[in-house]
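Put together the whole structure using the sequences plus the hints.
Protein chains in written order, with the numbering used here: chain Y, 1 to 410; chain Z, 1001 to 1284.
Careful, some of the hints might be misleading.
[As the list claims (entries may be wrong)] Examples of chain Y residues lying across from chain Z (beta carbon under 7 Å, computed):
1) G117
2) A145
3) T358
4) A362
The set of hints was computed from the structure by calculation and includes no laboratory data.
Just so it is clear, the structure is predicted and the values come from calculations on it, not from any experiment.
Where a beta carbon is used, it is the ideal one built from N, C-alpha and C, also for glycine.
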Amino acid sequence: MTPKKAKSPKQVLIRFGDMRVGTDSNRSKRTPTVRKAKGAIEPADRFKAPAGRPRVETGGSAVADLGAPTAARPTLAVQAALDRIDLSVDLAPARGAPDHGGLVLDNPILVASGTFGYGVEYGEVVDVQRIGAICCKGTTLRPRAGNPPPRVTETPGGMLNAIGLQNPGVDAVIEKYGPIWQGWKVPVIVNVAGESIEDYVEVARRLDGVPGVAGIELNISCPNVGKGGLQFAIDRDAARAVTAAVRRATDLPLLVKLSPNVTDVRPIAKAIEEAGADAICAINTLSGLAVSADRTRAFLGNTYGGLSGPAIKPVALRIVYEVAQVVSIPIVAIGGVTNLDDVLDFLACGAVAVQVGTAIFADPELPVRLGDELRADCLRRGLDSYRSLIGTALPKRTGAPSAKGAEYRP
Amino acid sequence: MRLVAAELVESRQILPGQWLQSFHAPELASGSRAGQFVHVRTGDCSGLVLRRPFSINTADPGTGIVTLHFRTVGRGTEWMTRVREGERLDMLGPLGRPFEVDPRSRHLLLIAGGLGMAGVRMLADEAIRDGRQVTILFGALSAAHVYPSNLLPDEVEYVVATDDGSLGHHGYVTELVQEYEAWADQAFACGPHPMLARLAALAVGRRDRLGVAKLGRKRGAGKADPLGSTTARRKSFLQVSMEQTMGCAVGACLGCTVIGVEGPLRVCREGPVFAAEEIAWPAL
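See below:
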């Protein structure tokens, strides 16, 4: 189902003056605002390179997709089969049915905290309702101004960021975005950060019961703030304490985001599970450094930054692979997802859902497209659900988790 | 803001290491204003994960041509110079807030340092279209780096300063500003951060120094427009176009901030154009 596939007969464009109307069933799923934006994009032919000129792939698949956003538009029969495929996932299965506090997503592609703002920023170019769930920017009890600039820089196959949890504070977030989120079909998971257990508990308490907040992602692993954040993710007892404290403070589904900046992540993951987390997110960024052009100082205003992007995918895979063998709660994988193969890799290593982060900056439509591609892939494999793709690469033993391989770790 | 497939129609090196590329992108050409920018996606093959922001140099709604003027500073811009005519680049835009020209301003002073010309170039077109007079003060390292005058509209007055004195005024472009300060109704600048900081310092107290009368009705006397609002910017004498390393360019990642007097400001959303009063300039 590549974007270049021959257009189906359903993709007839009828021209009424300047208005173009696509006669397909797919379009009816879009929200009116987004339909307006999409409808304004001209068909691909308009930009087709003149004959005779060499046409070179510019790499980005979005370029090919741009002119015809629904180029891979299936026929009605195929669409019906696609609609039957179950991509839904419950990230808080221990809590029972959705009305008992579960967190059921339409599809397992989420957007990672910090890369999608509060969900409204990309609204003009992305149909946010078709994303599995949105993890919003890290939110703290009090407003934070963040780190001094510069805050981001590109690195080979990735980027370093040191935003420093700039946010208007939990009350402002609830006031400003809560009503917007309430009207959305897509669940919004609020990423919560703090300097002390009391901070985390207080933020969670204020978020509890707010309409439009579907869950909490506990950010105990931000590497870019001096105090707080990372200290909870590198120590098993601290991770257990903060998770348990927040668990007591709220009935919301509780996800806890792990840091890769630890020697062994497994005891920490186990402690978080025992403390009552509904799911584990792995991983946050890796601590890194960039040097200024004149080599007189560190480039980032905060000196250290968090590395994300395709460069960290192997690390994320390793951690998901390890965590999946010691916990039984769902794992949401994060780290360098840029295409469907990455999603399938993470699923094979035991993740039930995947967050897309840095890749959104280059390709804002990627999260939505990945959902479609996963659905199409399931159809191609003849699956009713993507669940049989989960954990296929894990060791085929059911005994105690192995410590083998630990000696190879740095 | 939308995703656009822009076809490269012409690419040429206008100065050492500086390129001018023309793209066919009618949506961008008709929908953008001076000061706004586009976020260009580079090829995946090169392992570059971020888009690159560029000021829109010129935009012609009639032909649908948008031009970008950039310097090759790294792998992303080098990749762009190798794009061939007919290839399409994925651009997100137009982004950011434009320059705000007071409708009463007759004389516009544009101050550009080096590649800063790309930031203010389109404003010259817009101002001439609206019947205003434009003077561009341009500063460069040497004569070899001076923006070719044939790429500017005929109507503008073009004054050059070079650091080594090989062309025009010997010294910084900021030294020329005083001569035009009284002539100009508004000034717009783009260039290196120290240049902008110097200009901001020069602009302080201009109104009192020159004895400029406040025109128009004293509507809501004593009630100032909120800092950063369009009306406040329109009344500001100096507007600057800032740059910063950028992630998402839509305001989501908070990566491209500069420090303002009221806290961090996102270059991609509140900017890239700011009134000089909004920025917390470093002490000179």
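Hint check results:
1. G117: holds, 3 Å
2. A145: At 5 Å from the nearest chain Z Cβ, Y/A145 passes the 7 Å test, so the hint holds.
3. T358: This interface hint holds because 6 Å falls under the 7 Å limit.
4. A362: Constraint on Y/A362 satisfied, holds at 5 Å.
The structure fails none of the hints (numbered hints given earlier).
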